[in-house]
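K.L.:
For reference, the chains in residue letters:
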Amino acid sequence: MKHVTIILAGFVSLLLSLYLVSNYEGVYLQRPLWLTLVPVMLVGAWFSMVQLTILADNVTSKLAERFIGVMVPALFAFVLLVLWQLTVTGFSVPKVLLPAPSTILTTFVTHIDVLSKDFAQTWLKAVLVGWIIGCASGFIVALLIDGSPFLQKGFLPVGNIMSSIPIVGIAPIMVMWFGFDWQSKAAVVVIMTFFPMLVNTLAGLQARDSLHLDVLQTYACKRHQVLWYVQLPAALPFIFNALKVNSTLALIGAIVAEFFGTPIVGMGFRISTEVGRMNMDMVWATILVAALAGSISYGALALLESKLTFWHPSRRSK
Amino acid sequence: MKRLTHPLSIDSLKNSQPAALLLVLIALTILWYLAAFWLNSDLLIKGYERRGMTWDVSRLISDAYSMKRPLLPTPDQIGYELYKSIFETKISSKRSLVYHSGITLSSTLLGFLLGAFLGIVLAIGIVHSRTLERSLMPWVITSQTIPILAIAPMIIVVLGAMNFTGILPKAIISMYLSFFPVTIGMVKGLRAPDTLHMELLATYSASPEQTFRKLRWPSAMPYLFASLKIAIAASLVGAIVGELPTGAQGGLGSRLLSGSYYGQTIQIWSALVVAAILGSVLVALVGYFEKRVNRRMGITG
Amino acid sequence: TLTCSALAASMSQAADPLTLQLKWVTQAQFAGYYVALEKGFYEDEDLDMTIKPGGPDIAPPQVIAGGGADVIVEWMPAALASREKGLPLVNIGQIFNKSGMMLTCLKSSGIEKPMDVKDKTLGVWFFGNEYPFLAWMSKMAIATDGSEGGVTVLKQGFNVDPIFQGQADCVSTMVYNEYGQVLDGGLMPSELTVFSYQEQGVAMLEDGLYTTEDKLKDSAMVDKLARFLKASVKGWEWVANNPEEAAEIVLEYDDTGAQTLEHQVRMAKAVAKLIEGNSKGVGYLDPAAYDRTVEVLMSGDSSPVITTKPSGAWTHDIYEKSGL
Amino acid sequence: MSMTADVFEKSDVLAEFNPPQSARKMITIEDLSLVFETNDGPVNALSHIDLAIEEGGFVSFIGPSGCGKTTLLRVIADLERPTSGTILVDGTSPEDARLNRLYGYVFQAPALFPWRTIASNCKVPLEIFGLSKELQQQKTDKYLELVGLQDFHNKFPWQLSGGMQQRASIARALSFEPQLLLMDEPFGALDEITRDHLNLELLKIWHETGKTVVFVTHSIPEAVLLSTHIVVMSPRPGRIAKIIKSPLAKKRTLADRESPEFVAVMQEVREALANDHRID
Amino acid sequence: MSMTADVFEKSDVLAEFNPPQSARKMITIEDLSLVFETNDGPVNALSHIDLAIEEGGFVSFIGPSGCGKTTLLRVIADLERPTSGTILVDGTSPEDARLNRLYGYVFQAPALFPWRTIASNCKVPLEIFGLSKELQQQKTDKYLELVGLQDFHNKFPWQLSGGMQQRASIARALSFEPQLLLMDEPFGALDEITRDHLNLELLKIWHETGKTVVFVTHSIPEAVLLSTHIVVMSPRPGRIAKIIKSPLAKKRTLADRESPEFVAVMQEVREALANDHRID
Ligand SMILES: Nc1ncnc2c1ncn2[C@@H]1O[C@H](COP(=O)(O)OP(=O)(O)OP(=O)(O)O)[C@@H](O)[C@H]1O
Ligand SMILES: Nc1ncnc2c1ncn2[C@@H]1O[C@H](COP(=O)(O)OP(=O)(O)OP(=O)(O)O)[C@@H](O)[C@H]1O
Ligand SMILES: [Mg+2]
Ligand SMILES: [Mg+2]
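Chains as they are written, first to last, in the numbering used here: chain A, 252 to 569; chain B, 13 to 313; chain C, 9 to 332; chain D, 477 to 756; chain E, 477 to 756.
Keep in mind that the hints are not guaranteed to be accurate.
Said to hold, decoys possible - With a straight-line Cα cutoff of 25 Å, these simulated PhoX-like cross-link-like pairs (lysine-lysine) come out:
1) C:277 x B:80
2) D:718 x D:618
3) A:346 x C:277
4) D:680 x A:473
5) A:404 x B:80
To be verified - Just some of the chain B residues that point at chain C, by a computed CB distance under 7 Å:
6) 48
7) 59
8) 106
9) 118
10) 169
11) 170
12) 172
13) 225
14) 262
15) 266
16) 267
17) 270
18) 273
Unchecked claim - Derived DEER-like restraints, expressed as beta-carbon distance ranges:
19) C:294 x B:125: 52 to 58 Å
20) E:735 x D:621: 37 to 43 Å
21) B:43 x C:127: 35 to 41 Å
22) D:630 x B:125: 47 to 53 Å
23) C:94 x B:67: 56 to 62 Å
24) D:685 x E:560: 19 to 25 Å
25) B:92 x C:115: 33 to 39 Å
Just so you know, these hints were derived from the structure itself, not from any lab.
Where is the CB? At the ideal position from N, CA and C, for every residue including glycine.
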């Protein structure tokens with residue numbers, strides 16, 4: 252029962268710091284004795300996390316493991332938030348610079364209608380459509396290029412150049428071409444997500460075992476069969492890498508693109524407008540939405556990946 | 013295996029890199045001119061009609077290819093602008109694109125180095141500590157969902173208040189964008205070793221550090237280079253994003269911004285072209301190191 | 009600017025350092041400060057000035073809150089909004105007497121008078137610059153949510169392209185900048201209908217100088233600011249008399265190398281008109297204009313920018329101390 | 477040494493051996509050499525090989541480790557290109573033979589796909605050749621049973637022992653019933669009894685279907701038991717030291733191993749091997 | 477190379493067998509079972525194994541493919557955890573034995589690092605154990621020569637034949653001269669002569685250094701030639717069918733294979749194997 256004690260100790264130290272935050276706003280940092288409680292809290296929280304991890308790895312029930320598995324990052328986030336709150340309130344950081352987490356949360360809840368409209372505009376339209384088209388085209392181009400040395404030699408350098416074009420540069424042009432609505436944002440996302448997919452898929456397609464290729468060659472396989480039977484399975488881990496990296500890149504791209512002209516809805520619009528209005532709490536609430544959406548889509552992809560690449564050494568060794 | 017990827021080897025011309033590249037470039041140029049005409053003429057016709065002017069096709073064509081602020085400038089307009097701002101201007105001049113590329117490049121490289129380093133360190137931590145994996149990994153991912161342009165000004169303000177100006181704030185934004193692909197790729201790569209190889213080292217009771225040096229690191233190489241290529245491109249984007257808020261301090265980003273601000277499409281496009289060239293040179297550079305490392309590891313072709 | 013100020017610092021050890029954060033990139037909109045720097049007016053006042061240019065996402069109040077500047081150039085609405093958010097900004101001198109912002113519309117879209125904008129698409133700047141527009145619409149009782157009989161609002165980028173590409177019927181312009189771009193783009197003044205917010209009675213005070221309350225409690229700082237205001241105003245007066253040379257000076261300080269002389273000269277001339285007409289000269293905040301701004305800001309029906317009447321948001325102390 | 481290229485021409489001892497159609501050559505190799513270029517200088521893997529294999533023959537390659545057996549098999553399978561010399565497989569180039577899906581190849585390592593179950597691994601060639609689903613299932617069942625893996629259909633390769641993986645890969649090569657079987661130490665990782673069993677099964681298949689088999693092995697008794705001809709190779713550079721024709725009848729049983737002919741052939745092979753043996 | 481197989485000066489009497497110190501147990505296994513959980517239900521890989529191996533013993537595991545030999549070896553090496561039962565290696569847990577670098581393991585597959593040359597592959601354990609550069613070079617030279625790869629120092633693994641790769645992996649396991657050798661079919665891919673040579677070398681090393689060897693093989697003659705004890709295993713669930721103690725002297729020559737004791741032991745093993753054989 253050693254770890255339970257340690258976990259409890261960690262929680263107690265966290266609660267203590269919370270108590271300080273809520274009751275001695277602004278003054279406690281001037282008292283050195285209380286200040287030392289902060290590292291105590293950090294160490295306590297760390298031990299809690301270590302013990303929770305061990306617990307999660309040894310627990311037999313799947314449900315319990317899931318639960319504890321969520322607890323650890325939650326605890327980590329909680330510590331960060333407490334530190335954030337401590338700093339903001341303790342040092343009286345102006346609200347126009349950095350609002351406290353509690354303020355952000357309140358704003359999030361009270362403005363949920365505006366935020367959900369923005370989310371629909373930016374994520375459901377621009378990000379999703381752009382991500383799908385961008386990943387699909389990167390993937391297809393990788394397939395074409397991998398199969399044909401001619402295309403590889405002709406297109407790879409050009410493709411490289413075109414995909415090194417920074418988003419911030421293309422965003423205004425896309426607005427020019429595709430208008431103010433989400434289509435131009437989706438176009439930016441397409442261009443942003445294309446390259447990571449291309450590079451990763453190519454690397455993956457080339458990561459096949461040469462013995463496996465020999466096997467297929469003895470069957471006089473067509474190229475598409477080689478792809479299907481060996482290259483694609485071997486490339487899956489790489490492809491998922493790209494899908495995951497892209498799921499975050501896409502959101503950034505769409506939001507950045509909205510800085511260059513939009514209808515008056517959308518997460519990027521909200522951020523830049525509210526910064527101008529000094530409503531930093533609203534800005535951070537939007538960031539919170541972005542973080543939630545990004546994390547959830549990433550998590551979903553990771554889940555799918557573990558289902559599809561169960562055979563890969565990186566999964567089997569665990 | 014070799015023959016599988018050489019279905020076209022009969023035709024030697026088709027296999028020559030310059031020929032292939034040239035063909036693609038010519039095709040693209042033609043497409044570009046067509047697109048420029050299509051986009052620009054639309055604009056022109058609107059203008060003609062608004063003013064009730066009479067116009068014919070030859071006038072339209074010559075106007076479409078010589079607009080001062082076209083919707084899509086033609087390659088020759090961009091080429092001329094590039095020539096002017098690269099060769100006809102002193103490198104140290106603020107009107108030289110070389111000067112601005114230099115500014116962007118320095119923060120890109122600094123950010124890339126910091127990002128690659130941070131990314132690798134995080135990956136090592138995550139691979140070796142279950143606690144770090146469980147606690148840190150989700151937040152590494154979440155960090156990337158925060159739109160960089162939203163926090164870039166804050167970073168610059170905060171660092172500026174701490175008297176860090178110049179390339180460091182921009183490099184930090186580059187780092188923020190570039191560490192992520194490295195972390196994700198390396199976590200995967202460091203876990204990629206063959207089970208049998210891991211067991212072999214277990215029989216030697218090799219320390220984690222030895223396992224890392226002798227097995228994990230070499231097997232992560234393909235993943236490392238794939239992510240470094242993405243990271244360096246992301247780093248360039250970060251440097252340029254970082255140049256927007258500090259828009260007046262030079263760099264390709266500020267050229268883009270001021271071009272956009274004053275509607276100077278030709279200026280935007282030439283900055284874009286330079287950025288793209290810079291990006292692909294950087295990616296090619298990573299590719300060059302990849303080849304060298306591969307050769308040392310006995311992987312040919 | 010970095011190297012300039014560093015150099016200046018090493019040359020005159022004794023001079024008092026002071027940092028100014030601009031609202032936007034280096035251009036003739038801020039010619040007065042650059043002239044004062046270039047011509048040594050600040051040096052004469054024993055000031056070691058650093059001028060930080062802004063950009064699209066630099067909010068000067070954030071910079072001053074973070075300690076990155078001593079004084080900022082900001083518009084009144086943003087300054088008052090920050091004040092309500094707990095950053096006590098105080099106007100210490102008003103530079104622009106008139107608003108330069110206006111809505112530029114195409115006659116071909118059938119817009120001749122204000123009410124004609126109904127059912128049209130309008131490009132508007134946000135980032136704190138949208139208040140005059142919203143106030144104007146609310147004054148005319150036109151909805152801004154794109155509904156029937158209202159207007160469709162686009163967040164306009166940094167240029168006036170939407171009017172050329174037919175994406176908007178009207179775009180926001182500054183008289184000293186974008187309006188010129190509209191003309192450059194091939195539109196004749198005769199093809200355009202221009203609504204100046206100044207004339208529509210919804211104008212707000214634009215470029216002014218702001219600092220925080222705590223800085224004003226420090227008498228040494230007050231003294232520095234007074235000297236700063238004096239030198240800046242001297243710079244502005246110089247600009248009004250020599251717009252062409254002022255433009256050249258601005259160009260010197262532009263690190264992007266993207267500005268053109270022609271453009272900056274035009275801007276300098278237009279800006280010179282905006283600083284004119286103040287009863288007590290450049291730098292004096294007219295309380296009546298302030299009251300009008302506050303009134304407009306509080307009038308927004310659905311979401312007013314500020315909810316309570318601010319107090320102590322301006323002071324004439326610095327102006328008086330500067331001996332202008 | 478005389479490089480009697482034509483190993484089948486004057487085969488006369490046994491009536492059952494040398495059926496009429498066997499005059500046709502399945503594989504003809506003339507003056508074939510192969511050099512690998514490595515970072516460390518060239519390696520002469522094969523040097524001046526002459527060999528002819530008749531249709532319906534069962535030819536074993538035997539020789540010290542590293543003498544070029546695998547390389548020669550790979551040349552026949554069009555997995556390596558010879559540096560010089562000519563080779564015909566079924567009257568065409570190895571490439572055409574491969575494209576015609578003439579042969580099945582059992583690699584020295586199992587080479588199973590980790591992302592597929594055993595049964596699904598076996599189906600790979602069948603899917604590629606476009607067999608119907610029922611036929612696929614039928615063949616897979618048949619050959620997995622033959623190699624004794626009937627209970628392991630749904631396991632993944634890494635859940636099998638080394639020998640079981642090798643058997644799965646044999647089943648995969650047999651499943652599409654190719655005309656020519658190229659087998660690289662297929663039974664190397666198997667115990668004696670399993671090996672005997674599979675030897676008999678292979679003989680039965682060979683005998684019933686008239687396939688041509690080219691077989692690499694390290695076991696002298698196995699080579700003698702199975703083959704019509706035993707090709708003894710020797711290393712550095714890899715070449716053919718001797719070709720030994722088996723006097724055994726085509727129908728063989730395990731009991732043949734006790735026969736004096738059998739022992740005599742074994743002795744002959746052993747001597748040929750020892751003659752020129754170097755370890756490398 | 478001369479194949480006069482007698483590596484020991486004199487073939488001695490039985491007295492030398494069973495030296496006094498051999499009372500000490502190197503490995504003690506009691507009622508050990510291991511179940512693999514798979515997508516397809518549990519697999520009983522080992523069931524109720526009891527076994528004791530004395531220090532200085534040479535014990536072979538023999539049994540049909542898939543009977544659990546590799547699994548048992550992996551349990552000894554602490555690469556698998558038993559589901560139940562106890563096991564002691566050198567008086568400690570397998571984990572401590574592994575952490576003490578007590579044993580060298582030769583895997584069933586070569587498991588060489590593709591990015592390292594052969595010599596550099598051999599040096600991996602030596603680098604890990606922190607030997608000086610000269611010592612590393614010396615050991616590598618010695619053992620690569622022993623397995624006949626002296627000319628292949630600078631080749632990469634994929635430039636070697638299957639048998640050569642396996643020999644490289646043997647050299648790697650021998651190079652750091654561990655107390656206990658765990659070898660999983662080390663000579664499976666080798667020709668008879670190379671195999672005989674390496675058998676003798678292994679016997680010599682064993683004899684000279686008093687190592688304990690646990691050895692998996694499919695070759696009955698090899699098992700009998702090398703071992704002091706032969707453990708015959710049988711499958712589903714994997715268990716020990718019989719343990720046969722060899723009456724042969726500790727010093728052995730290839731010629732012993734002709735002796736009547738040898739043939740008798742071979743027969744005993746063969747019977748034990750056939751007794752309970754099923755293919756899977
Ligand atoms: N990782 C695993 N997961 C599931 N089952 C396994 C795993 N490893 C081995 N097995 C099963 O355990 C049994 C014993 O396997 P093991 O590898 O020990 O056999 P073996 O005696 O070494 O056979 P061989 O002589 O063919 O190498 C087999 O039925 C095999 O399918
Ligand atoms: N890809 C390659 N590159 C360079 N050398 C090679 C390559 N493949 C094989 N060799 C060399 O060619 C020679 C013959 O190899 P091969 O694999 O044909 O031997 P083998 O007779 O099959 O041996 P074994 O019985 O050990 O499998 C060896 O010396 C080997 O080092
Ligand atoms: Mg071989
Ligand atoms: Mg085994």
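K.L.:
Against this structure, judge whether each hint is valid.
P.N.:
Comparing the hints with the structure gives:
Note on residue 277 of chain C and residue 80 of chain B: the hinted pairing holds, with a Cα-Cα distance of about 24 Å set against a maximum of 25 Å. Restraint check for residue 718 of chain D and residue 618 of chain D: not satisfied, since their Cα atoms lie roughly 38 Å apart, outside the 25 Å limit. Straight-line distance between C-alpha atoms of residue 346 of chain A and residue 277 of chain C comes to about 38 Å, which puts the hinted pair past the 25 Å bound. As the CA atoms of residue 680 of chain D and residue 473 of chain A are separated by approximately 33 Å, the hinted pair breaks the 25 Å bound.
Annotation: proposed proximity of residue 404 of chain A to residue 80 of chain B is violated, straight-line Cα distance about 36 Å (limit 25 Å). The beta carbon of residue 48 of chain B comes no nearer than 15 Å to any beta carbon in chain C, farther than 7 Å, and the hint placing it at the interface is violated. The interface hint given for residue 59 of chain B holds, since its Cβ lies 6 Å from the closest Cβ of chain C, which is under the 7 Å cut-off. Below 7 Å, beta-carbon pairs count as interface contacts, and residue 106 of chain B has one with chain C at about 3 Å; its hint therefore holds.
Interface hint status for residue 118 of chain B: violated, as the beta-carbon distance to the closest one in chain C is roughly 14 Å, over 7 Å. Taken as an interface hint, residue 169 of chain B checks out: its beta carbon lies about 4 Å from the nearest beta carbon of chain C, inside 7 Å. With a cut of 7 Å, the hint placing residue 170 of chain B at the interface with chain C holds, because the nearest CB-to-CB distance is about 6 Å. For residue 172 of chain B, the interface hint holds, the least distance from its beta-carbon to any beta-carbon of chain C being 4 Å, beneath 7 Å.
For residue 225 of chain B, the suggested interface contact is broken, since its CB lies about 43 Å from the closest CB of chain C, more than 7 Å. Because the beta carbon of residue 262 of chain B sits about 4 Å from the nearest beta carbon in chain C, less than 7 Å, this interface hint is met. For the restraint placing residue 266 of chain B at the interface with chain C, the shortest Cβ-Cβ distance is roughly 4 Å, inside the 7 Å limit, so the hint holds. With a least beta-carbon distance of about 6 Å to chain C, the hint placing residue 267 of chain B at the interface is held under the 7 Å criterion.
Annotation: residue 270 of chain B was flagged as interfacial toward chain C, and the flag holds, the nearest CB pair being 4 Å apart, inside 7 Å. Nearest Cβ of chain C to the Cβ of residue 273 of chain B: about 4 Å, under the 7 Å cut. The hint holds. Checked against the given bound of 52 to 58 Å, the beta carbons of residue 294 of chain C and residue 125 of chain B, roughly 54 Å apart, stay inside it. The given range of 37 to 43 Å is respected by residue 735 of chain E and residue 621 of chain D, whose C-beta atoms sit roughly 41 Å from each other.
For residue 43 of chain B and residue 127 of chain C, the hinted distance range of 35 to 41 Å is satisfied, since their beta carbons lie about 39 Å from each other. Distance hint for residue 630 of chain D and residue 125 of chain B: a CB-CB separation of about 49 Å, consistent with the stated range 47 to 53 Å. In this structure the supplied range 56 to 62 Å holds for residue 94 of chain C paired with residue 67 of chain B, their Cβ-Cβ distance being about 59 Å. Take residue 685 of chain D and residue 560 of chain E: their Cβ atoms lie about 49 Å apart, and the range 19 to 25 Å is violated.
With their beta carbons about 35 Å apart, residue 92 of chain B and residue 115 of chain C fall inside the hinted range of 33 to 39 Å.
In summary, the structure is inconsistent with hints 2, 3, 4, 5, 6, 9, 13 and 24 from the numbered list given earlier, while agreeing with the others.
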